[in-house]
Amino acid sequence: MTQPRSTAVICIAPRRLWFGLDWSELWHYRELLLFLVWRDLKLRYKQTVMGVTWVILQPLLTTLVFTVFFGRLAHMPSGGVPYPLFYFAGLLPWLYFAGAVTAATNVIVQHQHTITKVYFPRLLLPLSSVISGLVDFGVSFLVLLGLAIYYRAHLGSVAVLPAALLLAVSCAFAVGLWLAALNALYRDVRYATPFVLQFWMFASPVAYPSWLVPARWRWLYELNPMAVVIDGFRQALTGSAGPPVAAWAGAGAIVAIILSGGLLYFQRMEDIVADVI
Amino acid sequence: MQDIVIQAEGLSKRYQRQRASSYRTLRDSLAETLRHPWHLFARRGPGREWFWALREVSFEVRAGEVLGVIGRNGAGKTTLLKILSRITRPTAGRVWVRGRVGSLLEIGTGFHPELTGRENIYLSGVLLGMKRREVAARFDRIVEFSGVGPFLETPLKHFSAGMQTRLAFAVAAHLEPEILLVDEVLAVGDLEFQQRCLGKMSEVAQGGRTVLFVSHHMNQIRHLCSRCLWLDNGQLRADGATQAVVAAYESSALNLTAPPAAPRGCEVVGWELADSRSPHTLDHAGPVIIRFSAWLTEPIARGTLRLQLTDALGRVIWHVDWRFTGLPAGPCIFSLKLAHLPLRPGPYGWRAAMFDGGRWSDTQSLTPPLVVALPPIAFALGEFHSVLDLPFELEACPVPAEAIPRDHSSCS
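Protein chains in written order, with this note's numbering: chain A, 1469 to 1745; chain B, 98 to 509.
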């Protein structure tokens, strides 16, 4: 739209392709994506008195609760890893995931006044939710590093970290796409999201180690990409046994499937959202 | 065809009729799907009501044209603008658009009360399609135009409503689009704000860029647009020179009751302008002759002709009772000569009645209405300021204090 003046001709027509992602358009709007992320962060830290402190406190306090109740009182096995480190390493990717998915669920409805007034690729909205969550993640990650140093953790293969993070981001984006589109069309989805996330958390090794799951159910358990992500984080930061290669591949494939379906569904929603929202 | 900036071909948009509730719930949809699983795949099932907001609309707009879009409420004007600004897609047909599209309906888009004035300028500018450096280049002009300079670092929530609007307008006005869409419905702010919107439109048009202007105010359309589209029920009813299209629209918009079928007694049956290019549109200043044709079923020795001129709302703005004697039965023309008919542009109506010596006939509205299509002298843009459009001169002259006695009791 803002390309060289005289040559920019666009054709507005019913969508032809079922699955056509306009990469050049997304690239063209990259500045807007940055602005949306920037706005997200600015608002989050402007409206709270505690600001950045809150980002660190949330995982720290949850870690404290888990350490006291699951660890000290319930004697949950952690494979010899100090409880705070064990829980923080699991909570960090999970809180990122849950936060990003929650934000993405609401993002279309939240921006409905913009959507009905001006055009831009709607995909930028869930994308910005997923990206702005990464900043919080980065801050908490420094705390996690501090904990690892304090407890003199045996670091595992740190190379797993980027892969695990990429998987977490893709998974959050894939699920976020579905929920954002669903919530735009059916406004009661946002009430369901917290429950889904809660169940999902217990289906992921956040509060317990994944080796507690019986071996014959492990294949099913590892279909959950977040289980692989969290195990990957623990492997890197506490030196525990990581997920097998097959689990990585399976999780990747599942995220790819959810992501493709999500993109399709999101585009369908994109075409009608301005008419129904 | 380098200078065509908008080319629409068979543009159609179909909507599902709005249900009672404003949004669907997943629960309802699931229940519906469980009850009638096949509806999920059927494009149109029972209970789904569709209507066409736009149907097969084709037109072209050239660079620098100021195009008016008129029509009743629900005729598809806003849908057309929404398609052109890419907020919604057409159901069928296509439209090519050359250049950046901006609209004054985007005012304040992306504004957030917690962010400062500076931050909002950037955010809104980028949302409206500017690059960051484009906003930066125009930043000083935007601030100056809006007049909120001292409050740039203040959160928007502490701005007055007027300041917010000014800032929003300043950002939108500096977008400098090749094609500007203006929907009058959204420019309902105060009069001053409307004037600014219109001023901006003129400025854009004079700069050789293209404007699409949706309005119900026919005087604004007449004043600003050279060409006009008339949408009626989603279809393009007319496309042509503004004077002709607006006159046709105004005639149809004025809802006149049909004359009664069988004439009884004496009756005025029609009217037309003498010496005019179009018999029912007044398009020249100066003396006017209006011919009223009547039918007398019997001779009238002493009678009265009553003529009334009404405005669009049916209020009588001029009334005359004229006595005559000795008219034979049969057709008759009454010629009304006026030195001026100083009316503001718009639709008016004639009503007539006749007294045949024994009783009055019913007062009837004559069809078609009178459309005044002269450029207005005063208040070029306002629609409902007045009825008369008198030529005038005004002058001011200071005088000594004692020339005007001051009465404190009436002027405190």
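Note that these hints are calculated values from the structure, not bench results.
Be aware that a few hints might be false.
Distance ranges between label pairs, derived from CB positions [unchecked claim]:
1) P1662(A) to R132(B): 26 to 34 Å
2) Q1666(A) to R132(B): 25 to 33 Å
3) Q1666(A) to Q332(B): 37 to 45 Å
4) Q332(B) to H1581(A): 28 to 36 Å
5) T1584(A) to P210(B): 50 to 58 Å
6) G161(B) to L1525(A): 38 to 46 Å
7) L1489(A) to R169(B): 22 to 30 Å
Beta carbons are placed, not taken as given, at the ideal position from N, Cα and C, and that holds for glycine.
Evaluated hints:
1. P1662(A) to R132(B): 26 to 34 Å: 28 Å, holds
2. Q1666(A) to R132(B): 25 to 33 Å: At roughly 30 Å between Cβ atoms, R132(B) and Q1666(A) fall inside 25 to 33 Å, so the hint holds.
3. Q1666(A) to Q332(B): 37 to 45 Å: 53 Å, violated
4. Q332(B) to H1581(A): 28 to 36 Å: 31 Å, holds
5. T1584(A) to P210(B): 50 to 58 Å: 19 Å, violated
6. G161(B) to L1525(A): 38 to 46 Å: Taking Cβ atoms as reference, G161(B) and L1525(A) lie about 60 Å apart, which means the hint is violated.
7. L1489(A) to R169(B): 22 to 30 Å: 40 Å, violated
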